[in-house]
Amino acid sequence: MVDHVAVASRCTCPSRRHPCKHVLALLLLWSSGDVPETTAPATVVAWLAERQVSATRTVPDTATPRSATTETTPTDDAAPADAESDTSPEPAGDVPDRDRVRDERVERMYAGLTELDRWLDDRMRTGLADPVLAKYATWDELAARLVDAQAGSLANRIRRLAGLVGESPDWHSDVLAELGLLHLLAQAGRRLGSLPGPLADAVATTVGWSVRQADVLAGVPDTDTWIVAARSDTREDRIEVRRHWLRGTTSGRWALVLSFAAYRQSLDTSLTVGTALAADLHRYPGPALRALVGTRHGEPTEPVRPPAVDIVSACGEIGVLLAAEPWLDRVPFTATASIAVDGSTFLLADAGGTLPLIAAGRPLATLMAVAGGDPVDVTCEWTPHGVVPLTVHLDGRSIDIGPRADDDFVSAA
Amino acid sequence: MTDHLSNAVETTASAVDLRASWDDLVAVAMLGTDRRNPPSPTGMIADVVDDTVRSSPSERMLAQVAATVVVRRAGVLPGPARLLIAGPDADDRQVCVPAAIERWHHVVSSWHVLEDEWMLTLLTNGWRVPPDLVPELLTRHRSDPIRRARAEIACGPLAGWLVGHLPELAARGAANTQPDPSADDIAELPMLPIPPDLEPLLFADGDQVARQLAKAIDSGTLVHAHRAVLINLVARMHAGSLGAVATALEAIDGSSIGFPLASVLADLARTRERMLDELGRT
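Protein sequence lines correspond, in order, to chains A and B. So the first sequence is numbered by this note's numbering: it starts at 113 and just counts up by one. So the second sequence is numbered by this note's numbering: it starts at 370 and just counts up by one.
Be aware that one or more of the hints could be misleading.
Stated by the list, open to error - Over 12 Å on every C-beta distance to chain A, these chain B residues come out as not near it, computed from the model:
id	residue
1	Val-445
2	Ile-454
3	Pro-565
4	Ser-632
Stated by the list, open to error - Okay, the calculated bits of chain A under chain B, using three or more residues with CB under 8 Å as the criterion:
id	region
5	236-244
6	279-293
7	433-447
8	451-462
9	471-481
10	485-499
Quick caveat, the hints were computed from the structure, so don't treat them as lab data. All C-beta atoms, glycine included, are put in the ideal place defined by N, C-alpha and C.
Chain A with its partners taken away, still in its complex shape (with noise of 0.2 Å):
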């Protein structure tokens, strides 16, 4: 919706971008006289008299210092994640409740992000050495007061941090690249009005900024025939997540399905690996890999194998993705390769190159036993420690070896 005479705006698309692009090209359209004349609908005669309202409510009131809660930051750093649906130049004393809610969870998110960096600089200049960092607490203190600044995946993050602390020899360099995505993201947290819309998008969403589900399935679809190329579940602290590898056989991107379960819950089991199904996928914002399934054209059609590329290729997909968002923990690919070892380490390789398998027991087993010694087809996670095997495909089947939840914490759906 555009007030053109008041100059105002308000759209359901969750940009923090204002006037968001949907607002922008209506005005296009208007301006060009393609937008009919017409009733307007009732929402649009709803928020018309709800800005009547306030207008004549608030007069009095313009030196109430709404802006003041801009002007106390010393950049407008947080703005665009501030940035309301509703864009009319109001005075702060009537911006609708919901509006106020969210000026103060990006406050809180930026006051979160700044405390998040100076702790990182604390660190940096103590060390990783310090003792301090052995202590859990040192960690869950810092996740903590990132859950009440509204960034949850970055407490998510610290809490996984906490746990490479002396988990291998190289611990330290784990640690260190960890930190320096948080200082990143911090960063960039803080400064999303000056980056680009797809990436503001990204990094707000990695720091913890939600999206309700109904937004992303309101957003624009990515129509295609998507190959369920992979399935790989983790624990993180109590839950249990599902996340399914989707790429499109048109467009050849990749898309990401997470599915969570509590205790005793089911994950999602509505993609079968080695099928494809001809649906309707809706992106978070950003260049984000994750989606939500929309509405699906028809049965799920078997069996089928996504592309798959050498090892050297593999990683220029791979950087590809990271390069566009470096925080990414895993990233999917699909090779042609087969094993060598190196020592004790397994590698997936080609004449190419090799990559570092991160897989034992039964994972590794069934890739070994299936590729025996020729090159086969196999869709992997990238991850910063190795790549972790998911799928291997056979003519006419595949083979899913990925880590699968535990039966005891799941339950059948």
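Chain A is fixed; fit chain B onto it per the hints.
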């Protein structure tokens, strides 16, 4: 070709530089910038760090770490090429049909009593198991010498090859310490306890067995207490009787006192009948 070579050399050199500068950063990070200044950044990293307004060593360190991590991640490179693992010797036998594998999963989850027969039938008819089932079979049959021997035959050369690379799949306990079982031991189905009064049903005419069993269960002569021996009976009775037995047991009325027992035995008879059919196909 020269361009490719020089690009490869440059890429490798950059990767080495990046690795060295990362190691320097880790060394400083362990001690802390209160004790040691961060290393001087070079190349693109220097541009990024210089573009930021950083006053303290710790702030410059953080900016340098973040920039280096991003470059390292986005520039992920494969490790050096290695000699690929040579495969196992070829196995000329055909892989059994997928339905037989599905049946095996059903057998091990619901009807253990049929597992030995499944494996022996597979071997007798010259099949082998698909490669993806090999780790599961080797893990399942680690310590029983006879079952381990059958599993290794069903898996073929792949079993030894896999154990060579993954010693955790090797035989344990008795299967590792006792001498290899003889061919006769491997080929013989283990005996199951069956009471003498039921033994004639093992080899009787299918229709006769079906009638007798259905009547005894329906009338309550054979009850749940006989379940174990009846399962043994169905698991060892003549294969030709299975269809008739299953049909007769499935026909027992749902209101009958013997219905639950009949359902269980009917499922066993059907499972065994289909199992033998699938493994008998050529």
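Flag every earlier hint the structure violates by its number, smallest first.
Violated: hints 1, 2.
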